[in-house]
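Protein chains: 2
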Amino acid sequence: MDKLSLYGQRLAALRQELEKEQLDAWIIPSSDEFHSEYLPPQSRHMTWLCGFTGENGVVVVTRDKAVTFVDGRFTVQIRQQAPESLFDYEHIHEVSPEKWLANHLPVGSQVGYDGFLHSARWVRETRDCLHHSQLTLLEVGDNLVNRIWKDRPKAGNDSMILLETAGQTSRGKRLEIAQILKEKQCEALLITHPECTNWLLNIRGRDIPCTPLVLSYGLLKNDGSMILLVDNNKLPDSFAAHVGEGVDVSEFSRLSDVLESLSGKTLLLNPDETPDRLYQQVKAAGIIIRDGKDPCLLAKARKNEEEREGFRRAHIRDGIAMCRFLAWLDREVTAGHTHDESTLADKVESLRSEQDLYLEPSFETISALGPNAAICHYNYRYSQPRSLEGESVYLLDSGGQYLDGTTDITRTVAVGRVSDDFKTLSTLVLKGHIALASTRFPACGTTGLQLDMQARLPLWMHGYDYDHGTGHGVGHCLGVHEFPGRFSNRFNSDPLEAGMVMTIEPGYYRNSEWGVRHENMYEVVPFSVDGEIDTLGFRHMTFAPFDNRLLDRYLLTEHELDWLNGYHHQVYEKLAFYLDEPDRQWLKDACQPL
Amino acid sequence: MDKLSLYGQRLAALRQELEKEQLDAWIIPSSDEFHSEYLPPQSRHMTWLCGFTGENGVVVVTRDKAVTFVDGRFTVQIRQQAPESLFDYEHIHEVSPEKWLANHLPVGSQVGYDGFLHSARWVRETRDCLHHSQLTLLEVGDNLVNRIWKDRPKAGNDSMILLETAGQTSRGKRLEIAQILKEKQCEALLITHPECTNWLLNIRGRDIPCTPLVLSYGLLKNDGSMILLVDNNKLPDSFAAHVGEGVDVSEFSRLSDVLESLSGKTLLLNPDETPDRLYQQVKAAGIIIRDGKDPCLLAKARKNEEEREGFRRAHIRDGIAMCRFLAWLDREVTAGHTHDESTLADKVESLRSEQDLYLEPSFETISALGPNAAICHYNYRYSQPRSLEGESVYLLDSGGQYLDGTTDITRTVAVGRVSDDFKTLSTLVLKGHIALASTRFPACGTTGLQLDMQARLPLWMHGYDYDHGTGHGVGHCLGVHEFPGRFSNRFNSDPLEAGMVMTIEPGYYRNSEWGVRHENMYEVVPFSVDGEIDTLGFRHMTFAPFDNRLLDRYLLTEHELDWLNGYHHQVYEKLAFYLDEPDRQWLKDACQPL
Numbered sequence: 001m002d003k004l005s006l007y008g009q010r011l012a013a014l015r016q017e018l019e020k021e022q023l024d025a026w027i028i029p030s031s032d033e034f035h036s037e038y039l040p041p042q043s044r045h046m047t048w049l050c051g052f053t054g055e056n057g058v059v060v061v062t063r064d065k066a067v068t069f070v071d072g073r074f075t076v077q078i079r080q081q082a083p084e085s086l087f088d089y090e091h092i093h094e095v096s097p098e099k100w101l102a103n104h105l106p107v108g109s110q111v112g113y114d115g116f117l118h119s120a121r122w123v124r125e126t127r128d129c130l131h132h133s134q135l136t137l138l139e140v141g142d143n144l145v146n147r148i149w150k151d152r153p154k155a156g157n158d159s160m161i162l163l164e165t166a167g168q169t170s171r172g173k174r175l176e177i178a179q180i181l182k183e184k185q186c187e188a189l190l191i192t193h194p195e196c197t198n199w200l201l202n203i204r205g206r207d208i209p210c211t212p213l214v215l216s217y218g219l220l221k222n223d224g225s226m227i228l229l230v231d232n233n234k235l236p237d238s239f240a241a242h243v244g245e246g247v248d249v250s251e252f253s254r255l256s257d258v259l260e261s262l263s264g265k266t267l268l269l270n271p272d273e274t275p276d277r278l279y280q281q282v283k284a285a286g287i288i289i290r291d292g293k294d295p296c297l298l299a300k301a302r303k304n305e306e307e308r309e310g311f312r313r314a315h316i317r318d319g320i321a322m323c324r325f326l327a328w329l330d331r332e333v334t335a336g337h338t339h340d341e342s343t344l345a346d347k348v349e350s351l352r353s354e355q356d357l358y359l360e361p362s363f364e365t366i367s368a369l370g371p372n373a374a375i376c377h378y379n380y381r382y383s384q385p386r387s388l389e390g391e392s393v394y395l396l397d398s399g400g401q402y403l404d405g406t407t408d409i410t411r412t413v414a415v416g417r418v419s420d421d422f423k424t425l426s427t428l429v430l431k432g433h434i435a436l437a438s439t440r441f442p443a444c445g446t447t448g449l450q451l452d453m454q455a456r457l458p459l460w461m462h463g464y465d466y467d468h469g470t471g472h473g474v475g476h477c478l479g480v481h482e483f484p485g486r487f488s489n490r491f492n493s494d495p496l497e498a499g500m501v502m503t504i505e506p507g508y509y510r511n512s513e514w515g516v517r518h519e520n521m522y523e524v525v526p527f528s529v530d531g532e533i534d535t536l537g538f539r540h541m542t543f544a545p546f547d548n549r550l551l552d553r554y555l556l557t558e559h560e561l562d563w564l565n566g567y568h569h570q571v572y573e574k575l576a577f578y579l580d581e582p583d584r585q586w587l588k589d590a591c592q593p594l
Numbered sequence: 001m002d003k004l005s006l007y008g009q010r011l012a013a014l015r016q017e018l019e020k021e022q023l024d025a026w027i028i029p030s031s032d033e034f035h036s037e038y039l040p041p042q043s044r045h046m047t048w049l050c051g052f053t054g055e056n057g058v059v060v061v062t063r064d065k066a067v068t069f070v071d072g073r074f075t076v077q078i079r080q081q082a083p084e085s086l087f088d089y090e091h092i093h094e095v096s097p098e099k100w101l102a103n104h105l106p107v108g109s110q111v112g113y114d115g116f117l118h119s120a121r122w123v124r125e126t127r128d129c130l131h132h133s134q135l136t137l138l139e140v141g142d143n144l145v146n147r148i149w150k151d152r153p154k155a156g157n158d159s160m161i162l163l164e165t166a167g168q169t170s171r172g173k174r175l176e177i178a179q180i181l182k183e184k185q186c187e188a189l190l191i192t193h194p195e196c197t198n199w200l201l202n203i204r205g206r207d208i209p210c211t212p213l214v215l216s217y218g219l220l221k222n223d224g225s226m227i228l229l230v231d232n233n234k235l236p237d238s239f240a241a242h243v244g245e246g247v248d249v250s251e252f253s254r255l256s257d258v259l260e261s262l263s264g265k266t267l268l269l270n271p272d273e274t275p276d277r278l279y280q281q282v283k284a285a286g287i288i289i290r291d292g293k294d295p296c297l298l299a300k301a302r303k304n305e306e307e308r309e310g311f312r313r314a315h316i317r318d319g320i321a322m323c324r325f326l327a328w329l330d331r332e333v334t335a336g337h338t339h340d341e342s343t344l345a346d347k348v349e350s351l352r353s354e355q356d357l358y359l360e361p362s363f364e365t366i367s368a369l370g371p372n373a374a375i376c377h378y379n380y381r382y383s384q385p386r387s388l389e390g391e392s393v394y395l396l397d398s399g400g401q402y403l404d405g406t407t408d409i410t411r412t413v414a415v416g417r418v419s420d421d422f423k424t425l426s427t428l429v430l431k432g433h434i435a436l437a438s439t440r441f442p443a444c445g446t447t448g449l450q451l452d453m454q455a456r457l458p459l460w461m462h463g464y465d466y467d468h469g470t471g472h473g474v475g476h477c478l479g480v481h482e483f484p485g486r487f488s489n490r491f492n493s494d495p496l497e498a499g500m501v502m503t504i505e506p507g508y509y510r511n512s513e514w515g516v517r518h519e520n521m522y523e524v525v526p527f528s529v530d531g532e533i534d535t536l537g538f539r540h541m542t543f544a545p546f547d548n549r550l551l552d553r554y555l556l557t558e559h560e561l562d563w564l565n566g567y568h569h570q571v572y573e574k575l576a577f578y579l580d581e582p583d584r585q586w587l588k589d590a591c592q593p594l
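Residue numbers (UniProt numbering), protein chains in the order written: chain E, 1 to 594; chain G, 1 to 594.
To be clear, the hints were calculated from the coordinates, so they are not data collected in a lab.
Honestly, I wouldn't trust all of these hints.
Because identical chains cannot be distinguished in the list, a pair is counted as satisfied if it fits within a single copy or across any two copies.
[To be verified] PhoX-like cross-link-like pairs, simulated, lysine-lysine; straight-line CA separation at most 25 Å: (1) 265 / 293; (2) 283 / 182; (3) 184 / 99; (4) 283 / 184; (5) 221 / 182; (6) 283 / 221; (7) 99 / 182; (8) 150 / 20.
Can you build the whole structure from these sequences, using the hints too?
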């Protein structure tokens with residue numbers, strides 16, 4: 001069946017459900033009940049209904065219209081995927097779904113939603129917004145799309161992984177967080193981030209792509225005991241011994257019973273991140289709600305020594321795979337083999353998968369040639385992949401999930417003759433990277449917002465900039481985008497702390513021509529200096545050569561040259577041993593001082 | 001009468017008033033009904049009651065206790081000024097007055113305040129806070145201190161100044177702001193900042209120290225007409241012709257009548273900055289309140305070409321005075337004359353006062369020798385002034401109000417042998433100054449919070465920092481501290497814009513030994529670059545030499561040396577012509593390339 005008929009039928013079926021429920025609209029976000037960045041197949045409601053595969057969007061279906069809302073990253077992709085004869089397109093930052101509904105539905109209309117897919121805060125604010133226009137927001141009790149999605153995939157049933165290299169026992173972590181709960185005078189914490197339940201219990205899983213998680217909720221009490229809400233079938237026999245005493249397991253369906261036991265007690269939860277359905281259950285159980293962030297988020301972001309050691313080992317293996325790939329690519333280019341973006345992405349993944357403890361990519365690989373590299377979030381899967389033929393540069397942003405760490409690296413490399421203009425911009429971007437990576441800053445209270453401009457200044461001085469953040473925190477065999485660490489020019493009040501693991505990834509994008517990004521990962525470490533205040537700085541985690549052919553050495557200061565040559569010296573020292581000829585010779589050449 | 005008896009009597013008299021009014025406490029802030037940074041004599045209630053002369057504090061008097069609350073800048077000064085047998089001391093950031101009251105007064109107590117001296121927001125929040133502890137916040141209708149302050153000074157009666165060099169007519173300004181009101185669908189704007197009424201009408205005055213203002217409120221309507229609430233006696237004959245059509249004048253006492261006319265209309269005002277008494281009158285008049293910032297604040301901060309030209313001329317005259325002072329100081333040191341901090345401050349003021357269009361200092365001069373320079377907000381008036389004898393460095397932070405502009409400059413100079421350690425730190429501070437002053441940044445949306453770290457980084461790299469902002473906006477013959485422009489590591493979402501005038505003033509303070517600060521003023525100007533985005537940068541306004549004797553040239557990069565030598569070249573070019581020998585020769589020497 002062609003796309004048009006397929007999505008046309010699905011919309012018609014959904015509209016029948018609207019009629020049954022006497023609803024005038026239904027809201028479908030690209031999210032699941034676990035805030036997953038990468039959705040499991042059974043939660044891709046928006047994809048099923050309109051074809052859109054991007055990470056962030058909403059579709060609203062009324063009796064006679066269907067409208068998609070995406071941000072600037074996806075305005076091209078949505079038009080390729082959702083047929084325009086069936087769907088209107090809105091930029092979500094210009095017109096929000098609730099504003100659109102308020103402007104388009106007649107007074108008295110009823111709008112339905114699935115309370116598991118929206119946060120308590122979203123429901124409250126959207127209800128208020130619609131109320132102003134005399135519209136009603138209604139929860140139906142189930143998801144209308146699920147009713148008509150006949151071949152909806154089942155949730156995965158991969159077994160849970162018990163992580164042996166977490167550096168701290170689950171009991172130790174639980175007692176640490178329990179202490180924070182006591183200080184906040186809360187009896188318990190409702191954990192709705194699976195990253196936090198997985199961190200707290202030293203478990204992992206294969207329930208969603210790119211992030212090795214077991215989907216689960218948790219309820220941690222201030223004595224350190226915990227109830228894990230999870231699909232029981234995923235538990236290995238040794239689970240109880242692994243997590244230590246004080247952990248009970250319950251099915252999701254028994255959440256109400258679990259909450260009953262907290263009636264009259266004070267529960268810490270974050271209404272921004274708690275699905276509204278859960279929030280309502282908490283209220284119905286007579287629990288006192290204390291608004292606040294999940295303290296696991298910060299504790300998890302400060303990696304312990306064993307986690308950092310794991311990260312370092314994973315980065316050596318990842319560096320080996322990257323060097324093999326980059327050496328292979330150079331040879332293939334020389335040989336005139338014209339691989340396309342898809343083949344190149346497959347090649348780097350296959351080299352990573354040869355490495356120990358590798359699980360999967362840590363995000364969808366950006367494999368972009370020539371003008372495609374100018375699109376920050378380019379995805380060759382939804383485009384016509386370009387091939388090496390006739391191109392000048394290749395941008396590869398990729399990473400791996402390993403049981404002992406997570407990687408994220410971007411290299412931009414020459415695959416043809418590059419222009420002087422490109423070299424200038426590529427060098428300015430590297431100058432920014434070096435400036436931020438060389439910064440020492442007060443250990444107490446410095447935010448990524450304060451440091452972000454270091455990476456932009458060399459571009460600013462020449463009248464250029466890039467329209468994305470400069471870096472993000474990375475989880476330990478968890479999400480590749482981990483809060484609260486963040487280098488960004490958006491407001492951010494969470495300070496950087498020792499033990500965080502961060503990317504630094506400035507870039508520059510010449511529209512329709514080419515793009516460049518230089519990305520490494522760093523651990524935030526204390527630096528001893530002679531002065532009066534404790535300072536932090538960054539220590540290399542990523543090891544793989546930057547492409548010297550893209551740099552103009554006369555734009556680099558002595559300090560910057562020393563940094564680059566010193567880094568390449570380290571890369572060679574760390575990786576050469578593991579590479580066979582001719583890759584070793586390639587690395588030697590690539591690491592020659594500039 | 002000694003201090004103890006004097007303040008003891010005053011407290012006793014205030015407690016009698018408390019009893020009369022059946023109040024249990026009275027709150028006295030160091031503020032007036034115009035948010036003045038520098039209070040006129042008749043508004044120094046806190047000084048009269050406890051002796052404290054600092055810019056920021058609160059005193060709370062109960063039936064049996066009196067407690068002062070000041071921030072870290074004034075914790076030493078308050079102990080010198082308010083006798084400890086009469087007053088307790090609290091750090092205002094550790095214990096706020098309302099928290100203190102909540103903890104110390106018995107349930108059912110009544111706390112009085114003067115509704116003109118606190119903002120509507122403060123009253124709302126304080127009332128809520130006290131209410132939690134079952135205390136009541138009560139407005140009495142007048143100020144209890146005024147009842148007992150027998151020799152309270154009268155408000156000044158200096159005539160209004162009509163400013164001829166404002167670069168835009170009052171009518172032009174009023175129509176511009178009126179347009180903003182229309183866009184916000186407001187009928188009028190309540191202006192409670194005298195800086196805004198003075199800017200809007202191109203008037204100035206001498207009602208308070210350090211800021212040449214006529215104390216006044218204003219009501220601007222969205223047709224550009226305006227009612228100025230002011231002491232009628234201050235109006236010169238040519239006022240009406242000067243401000244142009246559409247300006248009525250009314251006495252403060254007639255505010256209620258003025259507000260009556262707006263009943264049912266929408267009025268823009270900022271509850272953070274509107275005295276609660278006014279706010280209540282607005283509400284009582286049946287006016288619809290729209291919360292929002294006064295749009296005059298931003299318009300005023302973006303100086304027009306004539307204002308900037310005035311600033312530049314004022315800075316030449318100010319530079320002449322500064323050079324004469326610095327040359328004189330060097331000669332006096334050589335001659336072994338041991339002036340003290342007070343004499344030195346008087347000398348620089350007297351040299352400024354010889355200059356055309358000079359009005360007064362733009363803030364209380366910081367004249368600090370040796371260890372006193374380590375105190376950021378040192379005030380020799382409330383200390384035992386040190387003299388030049390045996391000291392190594394002198395820090396002078398001073399400025400002038402001229403009819404065509406306002407200045408603010410800090411120079412740190414050698415008055416003896418300086419240590420290598422001092423030279424290192426002094427050079428690091430200058431490196432930070434140069435880094436920020438050399439920055440180009442996106443014209444759209446860049447905040448001072450993003451740029452602030454540029455000035456700190458050279459210190460951070462060596463483990464040092466300073467505990468104050470890096471710079472502030474400066475008004476045009478108005479407040480020397482002007483919002484919204486600000487370089488600070490505190491949250492600040494207002495972007496820098498072309499036409500703003502800013503200080504850059506990093507420093508470093510070695511406790512009990514010495515301090516250094518290098519401060520110049522800059523205008524924010526567009527820079528043309530070859531790139532893709534519009535950028536802004538800084539252009540020198542201040543001209544006076546930095547003291548090369550305090551610098552270690554081997555710590556300066558080639559760019560920094562070029563910047564410093566280029567600046568000194570400009571200083572000589574601009575000022576030499578106006579100086580007589582031997583000051584000219586002194587300047588020539590001071591401006592020699594390092």
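Now the hints, each set against the structure:
Proximity of residue 265 to residue 293 under the C-alpha cut-off of 25 Å is restricted to the intra-copy arrangement: shortest distance 18 Å within a copy versus 42 Å between copies. With identical chains, the CA atoms of residue 283 and residue 182 are at most 25 Å apart within one copy only, with a shortest distance of 21 Å there and 44 Å across copies. Within a single copy, residue 184 and residue 99 get their C-alpha atoms only as close as 37 Å, which misses the 25 Å cut-off; across copies the closest is 20 Å, which meets it. Taking identical chains as interchangeable, the C-alpha atoms of residue 283 and residue 184 lie at most 25 Å apart only when both belong to the same chain, with a minimum of 20 Å there against 39 Å between chains.
In this homomeric assembly, residue 221 and residue 182 come within 25 Å of each other (Cα to Cα) only inside a single copy, at 9 Å, whereas the closest approach across copies is 55 Å. Proximity of residue 283 and residue 221 under a CA criterion of 25 Å is satisfied intra-copy only: 18 Å inside one chain copy versus 49 Å between copies. Taking the shortest Cα distances, residue 99 and residue 182 sit within 25 Å of each other only across copies (24 Å), while inside one copy they are farther apart (41 Å). For the homomeric pair residue 150 and residue 20, the shortest alpha-carbon distance inside one copy (18 Å) is at most 25 Å, but the shortest distance between copies (81 Å) is not.
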